[in-house]
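Spelled out, the chains give:
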Amino acid sequence: MSWDVISETITQVLGVLLLSPLYAGILDRLKAVVEGRRGPSVLQPYYDLVKLSRKETLLPRNAGNIFLNGPYLVFSIYLLISFVIPVVYPRPVIFTPTVDFLGGALLFSLAGFIKVYEAMESSSNLVTLGVSRALSFSYLGEATLLTVFIAVALITGTNNPYVTMQYVQSLGHYLFLPHVSATVAFYMLWLFETGRLPLESSGMSEMGMIDDSLVYEYSGKGLMLLKWGSYIKSYLLGSVFLNVFLLPWGLLTGPLGAILDLGVMFLKWMVLILVTLVVETSLAKFRLFKVQDFLAVALVLSLISLILTVIGNG
Amino acid sequence: MNWFLRGIRRGILTEKEFPQVQWPSELHRSKEGEVKCPTDALKEDRWDPNRCIFCRACEPILSPTGRSVQAQVKRSEPSFRRSFYLYPIDVGTCGGCNLEFRLIASPQYDMTRFGIFLTNTPRHADALVVMGVMTPKMEEVLRRAYDAMPEPKLVILLGVCAVSGGILGMPPDIRGDVVIPGCPPTPESILRALVEAKSGE
Amino acid sequence: MVSDMYLQIDKFYLEIVTLLTMITALALSLWSARASHVVAAISSSLFILYGLYSGEFRVFYVVSGLVWLFSSTFSALHDRERWYSLTFSGTLLGIMITLLSQNYLEFLTGWELMTLFAYASIGVYRREWRPGYTFLAFGEVSTVLLIAGFILAYQETGTFLFHTLTDTLPLWFTTFGFTVKMGIFPFLVVEWLPIAHGNAKPSLSSVLSASMTLAGVYGIYKMMSLCPQTQALGGVLILIGAFSVLFGALYSYVSDHMKGMLAFSTIENNGAILTALGSLELSADPVLKAFAQFSLMVYVVAHSLAKTGLFLVAGYVHGESMSTLSTQRSFSLEIGTTLLTASMSGLLPTVGGVAVWSLLETLFMESISVGGILGLIPLLAGVMVGMGEGFATGAMARFTSFTSLVRPRGGERGRLVLLIGVLMPVLALLSYLLSPEMAGAASLGMFSNSLIPSGYSGGSFGGISPLYVLIILPILSLITYLASGRRRVRTVDPWDNGSGRRLTYTSFGMANNIRLMLRFVLRTRKGAVETSADVFWRAILQLVRGYVRFSRAFSRAYMNSSISWYMIYMILAFIVVILVVFL
Numbered sequence: 685m686s687w688d689v690i691s692e693t694i695t696q697v698l699g700v701l702l703l704s705p706l707y708a709g710i711l712d713r714l715k716a717v718v719e720g721r722r723g724p725s726v727l728q729p730y731y732d733l734v735k736l737s738r739k740e741t742l743l744p745r746n747a748g749n750i751f752l753n754g755p756y757l758v759f760s761i762y763l764l765i766s767f768v769i770p771v772v773y774p775r776p777v778i779f780t781p782t783v784d785f786l787g788g789a790l791l792f793s794l795a796g797f798i799k800v801y802e803a804m805e806s807s808s809n810l811v812t813l814g815v816s817r818a819l820s821f822s823y824l825g826e827a828t829l830l831t832v833f834i835a836v837a838l839i840t841g842t843n844n845p846y847v848t849m850q851y852v853q854s855l856g857h858y859l860f861l862p863h864v865s866a867t868v869a870f871y872m873l874w875l876f877e878t879g880r881l882p883l884e885s886s887g888m889s890e891m892g893m894i895d896d897s898l899v900y901e902y903s904g905k906g907l908m909l910l911k912w913g914s915y916i917k918s919y920l921l922g923s924v925f926l927n928v929f930l931l932p933w934g935l936l937t938g939p940l941g942a943i944l945d946l947g948v949m950f951l952k953w954m955v956l957i958l959v960t961l962v963v964e965t966s967l968a969k970f971r972l973f974k975v976q977d978f979l980a981v982a983l984v985l986s987l988i989s990l991i992l993t994v995i996g997n998g
Numbered sequence: 046m047n048w049f050l051r052g053i054r055r056g057i058l059t060e061k062e063f064p065q066v067q068w069p070s071e072l073h074r075s076k077e078g079e080v081k082c083p084t085d086a087l088k089e090d091r092w093d094p095n096r097c098i099f100c101r102a103c104e105p106i107l108s109p110t111g112r113s114v115q116a117q118v119k120r121s122e123p124s125f126r127r128s129f130y131l132y133p134i135d136v137g138t139c140g141g142c143n144l145e146f147r148l149i150a151s152p153q154y155d156m157t158r159f160g161i162f163l164t165n166t167p168r169h170a171d172a173l174v175v176m177g178v179m180t181p182k183m184e185e186v187l188r189r190a191y192d193a194m195p196e197p198k199l200v201i202l203l204g205v206c207a208v209s210g211g212i213l214g215m216p217p218d219i220r221g222d223v224v225i226p227g228c229p230p231t232p233e234s235i236l237r238a239l240v241e242a243k244s245g246e
Numbered sequence: 006m007v008s009d010m011y012l013q014i015d016k017f018y019l020e021i022v023t024l025l026t027m028i029t030a031l032a033l034s035l036w037s038a039r040a041s042h043v044v045a046a047i048s049s050s051l052f053i054l055y056g057l058y059s060g061e062f063r064v065f066y067v068v069s070g071l072v073w074l075f076s077s078t079f080s081a082l083h084d085r086e087r088w089y090s091l092t093f094s095g096t097l098l099g100i101m102i103t104l105l106s107q108n109y110l111e112f113l114t115g116w117e118l119m120t121l122f123a124y125a126s127i128g129v130y131r132r133e134w135r136p137g138y139t140f141l142a143f144g145e146v147s148t149v150l151l152i153a154g155f156i157l158a159y160q161e162t163g164t165f166l167f168h169t170l171t172d173t174l175p176l177w178f179t180t181f182g183f184t185v186k187m188g189i190f191p192f193l194v195v196e197w198l199p200i201a202h203g204n205a206k207p208s209l210s211s212v213l214s215a216s217m218t219l220a221g222v223y224g225i226y227k228m229m230s231l232c233p234q235t236q237a238l239g240g241v242l243i244l245i246g247a248f249s250v251l252f253g254a255l256y257s258y259v260s261d262h263m264k265g266m267l268a269f270s271t272i273e274n275n276g277a278i279l280t281a282l283g284s285l286e287l288s289a290d291p292v293l294k295a296f297a298q299f300s301l302m303v304y305v306v307a308h309s310l311a312k313t314g315l316f317l318v319a320g321y322v323h324g325e326s327m328s329t330l331s332t333q334r335s336f337s338l339e340i341g342t343t344l345l346t347a348s349m350s351g352l353l354p355t356v357g358g359v360a361v362w363s364l365l366e367t368l369f370m371e372s373i374s375v376g377g378i379l380g381l382i383p384l385l386a387g388v389m390v391g392m393g394e395g396f397a398t399g400a401m402a403r404f405t406s407f408t409s410l411v412r413p414r415g416g417e418r419g420r421l422v423l424l425i426g427v428l429m430p431v432l433a434l435l436s437y438l439l440s441p442e443m444a445g446a447a448s449l450g451m452f453s454n455s456l457i458p459s460g461y462s463g464g465s466f467g468g469i470s471p472l473y474v475l476i477i478l479p480i481l482s483l484i485t486y487l488a489s490g491r492r493r494v495r496t497v498d499p500w501d502n503g504s505g506r507r508l509t510y511t512s513f514g515m516a517n518n519i520r521l522m523l524r525f526v527l528r529t530r531k532g533a534v535e536t537s538a539d540v541f542w543r544a545i546l547q548l549v550r551g552y553v554r555f556s557r558a559f560s561r562a563y564m565n566s567s568i569s570w571y572m573i574y575m576i577l578a579f580i581v582v583i584l585v586v587f588l
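Chains as they are written, first to last, in the numbering used here: chain D, 685 to 998; chain Z, 46 to 246; chain E, 6 to 588.
To be clear, the hints were calculated from the coordinates, so they are not data collected in a lab.
Among the hints, a few may not be true.
Computed spacing ranges between beta-carbons, pair by pair [claimed, not checked]:
#1 Gly464/E - Ile57/Z: 49 to 59 Å
#2 Ile57/Z - Val955/D: 22 to 32 Å
#3 Arg530/E - Leu967/D: 32 to 42 Å
Only pairs whose alpha carbons sit at most 30 Å apart, straight line, appear in this in silico DSSO-like list of lysine-lysine [claimed, not checked]:
#4 Lys182/Z - Lys119/Z
#5 Lys182/Z - Lys198/Z
#6 Lys531/E - Lys969/D
#7 Lys974/D - Lys531/E
#8 Lys227/E - Lys294/E
#9 Lys198/Z - Lys911/D
#10 Lys974/D - Lys715/D
#11 Lys715/D - Lys61/Z
#12 Lys119/Z - Lys198/Z
#13 Lys974/D - Lys911/D
#14 Lys119/Z - Lys88/Z
#15 Lys88/Z - Lys76/Z
If you want a taste of the chain E side facing chain Z, the calculated C-beta under 10 Å gives, among others [unchecked claim]:
#16 Arg495
#17 Trp500
#18 Ser504
#19 Gly505
Just so you know, even glycine gets a beta-carbon here, dropped at the ideal spot from N, CA and C.
Build out the structure end to end from the sequences listed, making use of the hints.
Below, the structure is given as C-alpha cells:
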C-alpha cells in the first residue's frame, strides 16, 4: 500500500463527498434559468445541508431505533460504494475489490432496502403511499440495474469496470451496438433512480412523489444525511455512466492526476447536466403506470445489449 | 423541446434590484370628520396598519402619506440566512393572500434567488406562513402543523386577517414572529419581510 | 487405517443413536408433547454432529439439522398438543431416513413416511379436506415418478444400492418427481395450498418449506452425482427454476396471507436453488462447476435458515391476514426480522446476499463461456432472477412492516428469532469455508484470503469480500455518527396533513399497484374478496374439469346399456383376438 494509492483514495472519496451537492445545485440553477428566473445559487444544496444540521430531530411516535439510526447506515453504504467503482480515479484504489460491479448493484439495493424500512417504521400514511410506489417499481429498476452492470461485464468477459473502461476507449468498441444500447438503457435508469422528471416531480406535490416520500418524516441531522446520501447516489450512478459508458476518455493517473480528475469529472458532468436539463424542461411528469412502461423499455434495451453480446460470442 | 427553447429565447425575467416597496402606503388624517371604519382601524386618530383593509370607506378624510407600510419582524433567525423553507397554511382566507403569496415564486420576483423555498411538509419547513382568519375545523390542523415543525422555527402572519381578523372573523390564536400587514400585501412587501426575517439577503 | 475405521464405526453408532432418539421422540409424543419436542431437538443436534463428519453432503445434513433444531425448540416452548408432536416428529423421522438412506428402497420409505405424516398434520384437524388431499395427491405423483426412475436405475445396475449409472433417463424421471414435490412451476399449488390453507403450525410450516424441499434438492443432487452430465436437463432446470423465481416472487408480493406469502417465497427460493442445480449440470468447465457448487450450497444454507426464522416470526405474531395483524415490536423481533428479511432479499452482508451474488455470477459466467444460442438460457434466467429479487425485496419489506414496524400494539419477545437473525451475517463469514478458492489484494489494503473470487476457465470474473463489507459498514456508520454531532430529539405525531383521522394504510393497499399494473398476469378482479389468482392452479383445474367432462361423455356414449351394442363389442373383441393370435 503505497502513499500514492492512499492519496488517490482520499482524493476520490473526499471528492465524491464534497462535490456531489454541487452538481445538483448547478442543475437547479440552470433549470431556473430556462424557466426565466435567476434561480438559487449553485451552492444552495450546501447551505441547505448546513442549516439542516442545526435543526431539531423529530421522532414520530411509533418510530424507533431503525428510524433514528438508519440514516447513518445508509450514508456509510454510499461512502463504501464510492471506494468501489471508478467515479473519479481510473484505477483501483484501496478497498476496491470489496465488491465487484454486481456486488455494487446489490449494495445500492441494500441502501434502498434500509431507506424503505426506516420510512415504514414511522408508520405515516403518506410515507406508506410513496413506499408502495417505490416498491412496485423496484422489480424493473433492480433488474435493469443488474443487466446494465452485467452488460458491461459481458462485453469484456469480466466484472471489473476498470477493465471495461479501458476496453471501450477505442472507437470500434465504443460504437458497438450492445454498448450503445446499454448506454441508453443506463441513462433511462439514472433518470429513474435519481427521481428526475418525467418520472417524479419533486417539490410541492406529495401525491406524485416516489423517492421523496422516503425522507418525508425526517428532519434535522437525519434529513441532512439522507439528502446528502441521495446527492452522493446521483453522483455515483452518473459518474459510472459517464466513465464507463458515455465518455470513457480523459481520466489521468497518479496522485496529481487524481486531483486533476476532479476537474475532468466536472467537465463530463456538464455534458450530463445539459442533456438532463433539456429532458427535464421539455417533458411533463408521466402518469404513474407509465413509469412501468418507461422502465420496461430500459430493461428491454439492456436485454438487447446482452443478447447481442452473447450471440456474438458463441 | 418547445418549453426549453422558449425558455432560452425569453431569457431571465427577474427584476434586477432588490424589490422596492411602492404601496400600500400609510394613511393619515388629512381632513376633519367622522370616520366609520368597518375594522376599527382608527383609534384616537391613530391609524393601525394591522387592521386596515384598504376599503377606502374613510376617503377623503384619511389619505395616503407616500410612506410604505412596513412589516414588523419581531424575531429573525440567522441560521436561515441562506436556506429558508416555508410551509404555507391557509386557515380561512378569501383567496387574495394566496394569490399574492404565490407570486413571489414567479420569474419577476423570484424568491429562490434569496434561498427561500416552499415545501409541502412542515417537517422540512423553517417557517409557518399563516394566512386567513381562524375557522373552527382548522384550529387542530394549525396546531398540529406548528407541532410538526422542528426548532428553530418562525411563525409568519400574512395579511390583516391573520394579524387581527380583518372583517371576516377572529385571528388565529398563534403568536407571530413576523407580521405582514396589508389586504392583501403586495409580493414586494412579502418578499422584503421574508428577507428580513431570515436576517439578510 | 485404524483411525479411519474408528471414525467409520463412530459414524455408524452416531447414525443409529440419532435414529433411535427420533423414534423415541415419536413414541414419547403419546405421553407428553413437550418431552417429545425436546427429544426431537436433541436428535436434531446429534444429526448436526453426524453431518459435520459426512463427506460431500455435509451442508445438507447440517442445515437440515439446524432447521429441525430451531423448529423443535420453538415447538417445545409454545406447542402443547400431543397429536401434533406425533406428526411433527414423524415428519422429521421420514426426512431423516431419506437423508441417511443407502439404497433406493430406504429412500422411498423415508419419502413416503414424510409425506404421510405431513398429510396427517395438515389435513386431519381442520374440516377443510382439500389442502391435505391436494398435497397427498401431488406427493403421490412425485412418488410415482421417483419409482419409475429408481426402477430404471435398478434395471441398469441390478442392485438397489446407489451406484454410478450410464443412462440419463433415471435422472430425468427422478428430477421431475422431485420438482413436483418442491412446488416448482407450474405446480406452485403444491407448496402454497398446504401452508396457506391447511392447519400447518409455524414449526411444521418451516419444516415443510425448508426441510422437505431440501430433501428434494438433496435427491436431485445425489442423482446428478450418479448419472452422466446432460446439458439438456441443465437448460431445462435453469428455465423452470427461473420461471419459478419470477412467479413465486410475484405471487408472494401480492399475497396478503402471511403464511401464504412465505410459502410463495419458498417457491421462489426453490426455483433459485433449482437454477443453481441446472447451471451445475449445464457447464462443462471445472472451475465454473466448482463455483456453481459453491453457489448451490450457500443458497441452500441461506434459504433454509432464513425461512425457518420467518415462519417462527409468523408464529409470534398472531393472525393470518396481514391487513389485520396486531403488530408486535420488541428489539429482538425487530432486529431479527430485519436481518432475516435482508437475507431473503439477497442483500449483503448477509449470507443471502452472498448466495444471490454467486448465483447471478454463475449464470452470467455461464452465458459467456457457453456462448451462442445455448448461452441465452442462463442469460434470460439471470434477468428473471433479478426481477424476482426485486419483487422479493418488496414482499419482505411488506412482511416486516406489518409484522414489526408499523403501529405496534404489543411487545412480545422473540429471542429465538434474534438468534437466527444474527446467524445471517455470521454465516456470510462462514461461506469462506465453502468457497473453492480465496484471494487477496495486498496492494489495495485487502489482506490475503479475504476475497471470494468468481472465475471460469477463461479468466476471473469478479469477487466479493463479505468480511470487509461486514467490517467497513459499521466503522463508517460510527464515524458518521461521531462526525455529525449531538442531536436533540423530540417525539411528535406523524404528519398526515393535520387531519388527525387516524387512517391506516393497510398491507393490502401496498400491493395494489402491482395488482393493477400486472392485471393480465394476475387476473385481478375488482370488487371481489380474492383479487389475484394462481394462474397455474387455475389451468390445472381447467384441465381436470375438462377431462372429467370428457370421460363422463365418453363413458355414456360407450356404455349405453343397449344389448345390440354390447353384442357388437363382443364380436369386435373376438375378431381382434383372432387376428392377434394369427399374427
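Against the structure, the hints:
1. For Gly464/E paired with Ile57/Z, a C-beta distance near 55 Å keeps the hint of 49 to 59 Å intact.
2. For Ile57/Z paired with Val955/D, a C-beta distance near 23 Å keeps the hint of 22 to 32 Å intact.
3. Range check, Arg530/E to Leu967/D: Cβ separation about 35 Å, and the 32 to 42 Å hint holds.
4. Between the alpha carbons of Lys182/Z and Lys119/Z the distance comes to roughly 29 Å, so the proposed pair stays at or under 30 Å and holds.
5. Pair hint Lys182/Z plus Lys198/Z holds up; C-alpha atoms about 24 Å apart against a cutoff of 30 Å.
6. Simply put, Lys531/E and Lys969/D have alpha-carbon atoms about 27 Å apart, close enough for the 30 Å limit, and the pair holds.
7. With a C-alpha separation of about 21 Å, the suggested pairing of Lys974/D with Lys531/E holds against the 30 Å cut-off.
8. For the hint linking Lys227/E to Lys294/E, the alpha-carbon distance of about 15 Å falls within 30 Å, and the restraint holds.
9. For the given pair, Lys198/Z sits about 20 Å from Lys911/D by alpha-carbon distance, which is consistent with the 30 Å threshold.
10. Restraint check for Lys974/D and Lys715/D: satisfied, since their Cα atoms lie roughly 24 Å apart, inside the 30 Å limit.
11. Between the alpha carbons of Lys715/D and Lys61/Z the distance comes to roughly 19 Å, so the proposed pair stays at or under 30 Å and holds.
12. Taken as a hint, the Lys119/Z and Lys198/Z pair is honoured in the structure, with Cα atoms around 13 Å apart against an allowance of 30 Å.
13. Pair hint Lys974/D plus Lys911/D holds up; C-alpha atoms about 27 Å apart against a cutoff of 30 Å.
14. Restraint check: the Cα-Cα separation between Lys119/Z and Lys88/Z comes to about 23 Å, which is no more than 30 Å; the hinted pair holds.
15. Our distance criterion of 30 Å between C-alpha atoms is met by Lys88/Z and Lys76/Z, whose separation comes to about 16 Å.
16. With a cut of 10 Å, the hint placing Arg495/E at the interface with chain Z holds, because the nearest CB-to-CB distance is about 8 Å.
17. The interface hint given for Trp500/E is met, as the beta carbon of that residue sits about 5 Å from the closest beta carbon of chain Z, less than 10 Å.
18. The criterion of a C-beta within 10 Å of any C-beta in chain Z is met by Ser504/E, whose closest approach is roughly 7 Å, and the hint holds.
19. Given hint, Gly505/E at the interface with chain Z, holds; its Cβ is 6 Å from that chain's nearest Cβ, closer than 10 Å.
In summary, the structure agrees with every hint in the numbered list given earlier.
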